[in-house]
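Here are the chains, one letter per residue:
Protein chains: 4
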Amino acid sequence: MTLNIGIIGLGFMGSDHVKRVATKINGARLAGVADLKQDLAEKYAKEYGAKIYKSGIDLIDSPDIDAVMVVTRPHETHEQFVLHAIEIGKYVFCEKPLTLTAAGCKKIVDAEVKGGKRLVQVGFMRRFDPGYIEIKKAIDDHVYGEPLLIHATHRNCSVDETYDTSMSIIETAIHEADVLHWLLGEDYESGTTFLPKKQTKYTHSKLHDPQIITLDTKSGVHIDLEVFVNDQIGYDINCSVVCENGIISLRSPFNSSVKKGLYDQTYIPKDCTERFATAYDNEIQEWVNGVEADKVTGPSSWDGLVAMVTCDALAKSRDNDAERVAIVLPDKKPSLY
Amino acid sequence: MTLNIGIIGLGFMGSDHVKRVATKINGARLAGVADLKQDLAEKYAKEYGAKIYKSGIDLIDSPDIDAVMVVTRPHETHEQFVLHAIEIGKYVFCEKPLTLTAAGCKKIVDAEVKGGKRLVQVGFMRRFDPGYIEIKKAIDDHVYGEPLLIHATHRNCSVDETYDTSMSIIETAIHEADVLHWLLGEDYESGTTFLPKKQTKYTHSKLHDPQIITLDTKSGVHIDLEVFVNDQIGYDINCSVVCENGIISLRSPFNSSVKKGLYDQTYIPKDCTERFATAYDNEIQEWVNGVEADKVTGPSSWDGLVAMVTCDALAKSRDNDAERVAIVLPDKKPSLY
Amino acid sequence: MTLNIGIIGLGFMGSDHVKRVATKINGARLAGVADLKQDLAEKYAKEYGAKIYKSGIDLIDSPDIDAVMVVTRPHETHEQFVLHAIEIGKYVFCEKPLTLTAAGCKKIVDAEVKGGKRLVQVGFMRRFDPGYIEIKKAIDDHVYGEPLLIHATHRNCSVDETYDTSMSIIETAIHEADVLHWLLGEDYESGTTFLPKKQTKYTHSKLHDPQIITLDTKSGVHIDLEVFVNDQIGYDINCSVVCENGIISLRSPFNSSVKKGLYDQTYIPKDCTERFATAYDNEIQEWVNGVEADKVTGPSSWDGLVAMVTCDALAKSRDNDAERVAIVLPDKKPSLY
Amino acid sequence: MTLNIGIIGLGFMGSDHVKRVATKINGARLAGVADLKQDLAEKYAKEYGAKIYKSGIDLIDSPDIDAVMVVTRPHETHEQFVLHAIEIGKYVFCEKPLTLTAAGCKKIVDAEVKGGKRLVQVGFMRRFDPGYIEIKKAIDDHVYGEPLLIHATHRNCSVDETYDTSMSIIETAIHEADVLHWLLGEDYESGTTFLPKKQTKYTHSKLHDPQIITLDTKSGVHIDLEVFVNDQIGYDINCSVVCENGIISLRSPFNSSVKKGLYDQTYIPKDCTERFATAYDNEIQEWVNGVEADKVTGPSSWDGLVAMVTCDALAKSRDNDAERVAIVLPDKKPSLY
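Residue numbers (my numbering), protein chains in the order written: chain A, 1 to 337; chain B, 1 to 337; chain C, 1 to 337; chain D, 1 to 337.
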């Protein structure tokens, strides 16, 4: 009745999920943790009464663990754990990106298809955000007619020196790569990445910041996306869908406003765990419900693959002077998805 | 490890809590239900795999039930169940108002004090709302200096014919009676209720709507509160605290905005379960955590009594031409609270 | 074709009107100025090519001056100039308050009635503000049904030591005393002024700040008004009219918004000349148009009297422990108005 | 002292300017009008007491007219009137676009340079809008560091069948072509125009709607602009300047907000004369002031030429599959500008 969850990777996102599973999710308990940093494992095991596993593989293999969450860094480490879980037939939630290459994603899709059962959910939490859900419902119900354009921004306060030019796409824009085609219910036709000559002084030599991305869907909806990861203002996520009869826009939630010193002001969240707290909660709750029902329906490894193929096209455009690059998905979508 | 919750009363709020306990609360499960309407009991028992109890008393007495939620209507039925739970030493959450008279509240406080242990939590969910919590933190931290005034509105879409003039205070304004003195961290000195001559055409002969309430605290903070329960616009809860250096205001959450037909618009929630969904979730999660830790810290039966004494003064003012009525709490607050 | 305007009083508001007449009003020119402070008179005369008059009376009497604006301080000096203009049959615009006593206003009304022609316009500029005009139109057109309640605030950044307790009514609340009954199209029945025990630390010994005023109209619309003149946040004027089917609220205009440092913010005007710049322009333009057409239609000396009678009632309430005081207008409204 | 203004062209914008000059501008009067449609000329001449001229040339030549406004349609008719005014040395205000070709603009610039005196002001009214002025001041004062990106939208309710694909640039985007480089204080390097495959059903066969434009400045600021002229929602002009330390955004003014039927809403202007009423007033007032001072400083014919060169590049890009097209200004800017 209560699902025993094991979490591999206890960094920024991993520790956020640890707390979530241990204190906010119905029908689940934090049963085990694993991290290369032993002190992190000890800290969270003690705090929430979970068992420490020597390695991610040990945790996955344990009969005491019903389902696994993979939240390791760097992201290329995801692949081995996800594949192992598939191999032994255990449900696995994997933070985005699923892996860092389309080939890696394809390997996971193939393994899952071979097993004949959906076992993987990818951490595209925005699909569980109330704002995106309201927009999707409006689009699906044709409330404002056909969508024509999307304007989006993905802005972060700041990043450190380990974050380089490629990560603006693979780490950051990947969220929009997933959520925008899900919103529209159709595939992308092509994309571009443009590096404006003028950059912020807050960036470093290995990071071109900001970057401008466009995506065009099969039906011809045009999307522009600003990726700006040193904005100094907050975690500022915007998405406006211009339709034939109206424009629906995502709004960052706030609970109070303040008038002081000639200004009326509302708060901008400072990071993704704050902005998308509800989305993360809903995401993991639905995953747990799905595992208990033996039928997971959230973002699949196929979605992880689609996002990565999109990112690859955007990276190719960036490296070729912002030329328009076709986004070509693998030949046919397996019936599993 | 998992708390077995039993819920008595499966109406509008009861069914909302049933769903909450069964699907959203960590460390809890819906174990039992009871309602005079057998079909409701059967419906929810079946939907969530809970046991049906013939009566509220049976449910409370059951060894399979670790803790009880009392959500019965009419509200005067709360008292017997809460007293019975206290008697047998079981934790009990009771929706507001605790009972309908100060005497009834006092009986519960006395029973609890006699037992020597806090067992009761009252459903003043606003104390768990992120907006009120932000405001309270700003006040407690003196971010904007001393609070001087509060302007509040409590507006509902509409009410039916069973809702009469007295309920504007005892059913509706009671929320502000509780949350505003909690925000300010001090007791009320006096209150008034004024019935404006002009009423909405949407009211009926037994309901004076709207009503205007004022409260003044011991330190002299002045509060005005509009209670308007047929506003036709939504469940519109506002609270602005005017401080020496700034004004902090509660804002209803929204997740998207729409531009259409010459208007830019955001949504107003339609009822309390929508507006305060997060507050209710947090309230019950903290109650469950408290029960598991054998130490409940949410709104107490003393708070229930304070709110009812306040309501009584406001009712007296209403019946005496809006004269200022002193709000006098029982002689000394028991050390239990 | 071009109206020659003379302005008496060149302080804060006077100099604002000087600039307005000289540079923004169609069909008018600044022809003359007068002020007890000779240097002010010289400054503005030089800046805008106007003639200096030794006294206000000289200015009024001059054949070179077609119409007069009285903007003198202290306000009790208004009366003599307005009466003199009436006497010689010259149009006169007088800043609010018309005078400081109801008796003084009555004397002006009587003089004007005796002359048989409307010559006076009082500076209740809010009637010319686009926001108030939108609200009045919605009320007059019954767009949201009958008005039931009004919540208003009149907040200033700060005042100096010359501003005392009485001025919160006679200098500040007088704006609402005029504009709110104009909005509603009906007279007041009664009013109260309450002095909350808690005051801001930014006030001084002769000023009780903030103050809470209520007004009830003949039909029973209930109004509450916060007067807070040391708010430290800006010139923050609010007015929400709660109707049967909707709530319409005044909004301070702003032209841009800024996101910075975790906040999304908009500007609050710092004083009345900024907040009501458009209203002042419209007011004077309509007055000039009226003078040219020999038919002035803006706020009359009767409106000035009504506002002062209202202020007197509010002052009496303040001095009598916030008791409800009837607002009784002179027996019959002269047909001139 | 009072400037006698003659207006040629009395259509949508012309009649708006007629009313403005006649009733809102200080130091000016409407002295003459001319229009091919005799009934329009008669209507406005009668309404405002102006003289009718048989032709625009007659009006320009008249000694009773001190300065001329050219507001004729179609826009190619501007050129002859502006050239004639230059020829006889009379100040002339010309609505945008100055003419419909860069060659035509160049001819005007050359004529003006030859005459040795600035006589022309072009109707780029946005430079006089309080919102754009606030943004420009923030940029010029480096309040938020260096500007990096601009996101803009230019949306109209709807257009009729005479408005074709080319006009999205030459009639509509020309406003941003002018105002954005003025905001930034630098020239454009290149531009693109992209026609998204998906169009609104509200367009017609000769109009591709919406269109997406980009502009990059010499320093590398990247701009994207949505032009959507059948948006069905209102005249919705947006401009966000993303800087290193903050984002400043234009906001459409509104004076009141309304809560009704589960929505809190504010008004969107329905057309340019409503949205930019203040900008138009300021524009014409400053022009009149400039003419009186014999020194006009508003947007010049050079600015008109720059805008048209920009539009030509955007049109070329549109016709060449959205290729990036360099924006090359004439060799050297005359010292006159």
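Treat the hints with care, since some could be wrong.
[Said to hold, decoys possible] The list that follows gives simulated cross-link-like pairs (lysine to aspartate or glutamate, EDC-like), each with its CA atoms no further than 16 Å apart:
1. D/Lys197 / A/Glu189
2. A/Lys197 / D/Glu244
3. D/Lys198 / A/Asp61
4. A/Lys198 / D/Asp216
5. B/Lys90 / B/Glu47
6. C/Lys197 / B/Glu292
7. B/Lys260 / A/Glu244
8. B/Lys197 / C/Glu189
9. B/Lys201 / C/Glu244
10. D/Lys197 / A/Glu286
11. A/Lys197 / D/Glu161
12. B/Lys197 / C/Glu146
13. A/Lys24 / B/Glu292
14. C/Lys24 / D/Asp187
15. A/Lys197 / D/Asp187
16. D/Lys295 / D/Asp61
17. D/Lys201 / D/Glu161
18. B/Lys19 / A/Glu286
19. A/Lys260 / B/Glu244
20. D/Lys197 / A/Glu244
21. A/Lys90 / A/Asp61
22. D/Lys198 / A/Asp187
23. B/Lys198 / C/Asp66
24. C/Lys197 / B/Glu244
25. B/Lys197 / C/Glu186
26. A/Lys19 / A/Glu47
27. B/Lys24 / A/Glu292
28. B/Lys260 / D/Asp271
Simulated from the structure, these hints should not be mistaken for laboratory data.
(request) Hints the structure violates: just list their numbers, smallest first. (result) 3, 5, 6, 10, 11, 14, 16 and 23
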